[in-house]
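S.K.: Sequence:
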Amino acid sequence: MLDIRPERQTVMMSATWPEGVRRLAVAYMKDPMQIFVGTLDLAACHSVTQNIIMTTIEEKRSILYDFVDKMKEDDKVIVFVDKKVMADELSSEFALKDIICQCIHGDRDQSDREQALQDLRSGEVHILIATDVASRGLDIEDITHIFNYDFPRNVEEYVHRIGRTGRAGREGESITLVTREDWKHAGELIKILQEANQEVPGALVAMSERYAEWKARYDAEIEACGGRRPRRGGGGFGGGGFGGGRRNKW
1 MLDIRPERQT VMMSATWPEG VRRLAVAYMK DPMQIFVGTL DLAACHSVTQ
51 NIIMTTIEEK RSILYDFVDK MKEDDKVIVF VDKKVMADEL SSEFALKDII
101 CQCIHGDRDQ SDREQALQDL RSGEVHILIA TDVASRGLDI EDITHIFNYD
151 FPRNVEEYVH RIGRTGRAGR EGESITLVTR EDWKHAGELI KILQEANQEV
201 PGALVAMSER YAEWKARYDA EIEACGGRRP RRGGGGFGGG GFGGGRRNKW
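Note that full-length UniProt numbering numbers the sequence shown so that position 211 is 211, with each residue one more than the last.
With a cut-off of at most 30 Å between alpha-carbon atoms, the simulated DSS-like pairs for lysine-lysine come out as follows:
(1) LYS60 with LYS191
(2) LYS76 with LYS191
(3) LYS70 with LYS97
(4) LYS184 with LYS83
These are computed hints drawn from the structure, not numbers from a lab.
Whole structure, please, built from the sequences with the hints as guidance.
M.R.: Dropping the structure here:
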């Protein structure tokens, strides 16, 4: 650090080193010096037990309610969803079922978000429904569970989510619902699970293999079309896509 010129020093910090952050570093920094603590490989906290549940969109609600019914008195959980409307829907449904919870997302006032977090910290509520954006920087030491109702946009976000439990020497647990719509993340998720010595469901492995096969065919079609996207009849999960038209659960 002593050799860096004093006129200006630009420092970029990140908990992970995904491709997007790497592009930023290349674009805005000249001959940057890289300092890292630990490994640059994406890895989940080893004090968190990761549970993967292969399911369907239709079954997600019942799995969540079953989990809530079995919560212990001292449990605290953050339920992650990918859309603000889903956060509001679940929060309203919980209220109708007399389940006390709080909800935070980008459309809520800052004062409401702060009150929701304070209620969770104090134990006034034990369930927080949140989107990724609204929960940035969230640090509550006694979170016991993370429930990924919706799989995040990428595996880096998955690692960030489950890292909100298992803190300060405590053990934590994550429950992640995976549907056929999440198949493109299966391969990277398997690597995260294996690195942390977690159980890998056979159905997740099968999903990863199907996606790899489909992606190889799709890339070959693009190349054959001179780089243009091929016109598909019912592609994706049907036709020549995932499952070959079969009614698979995942």
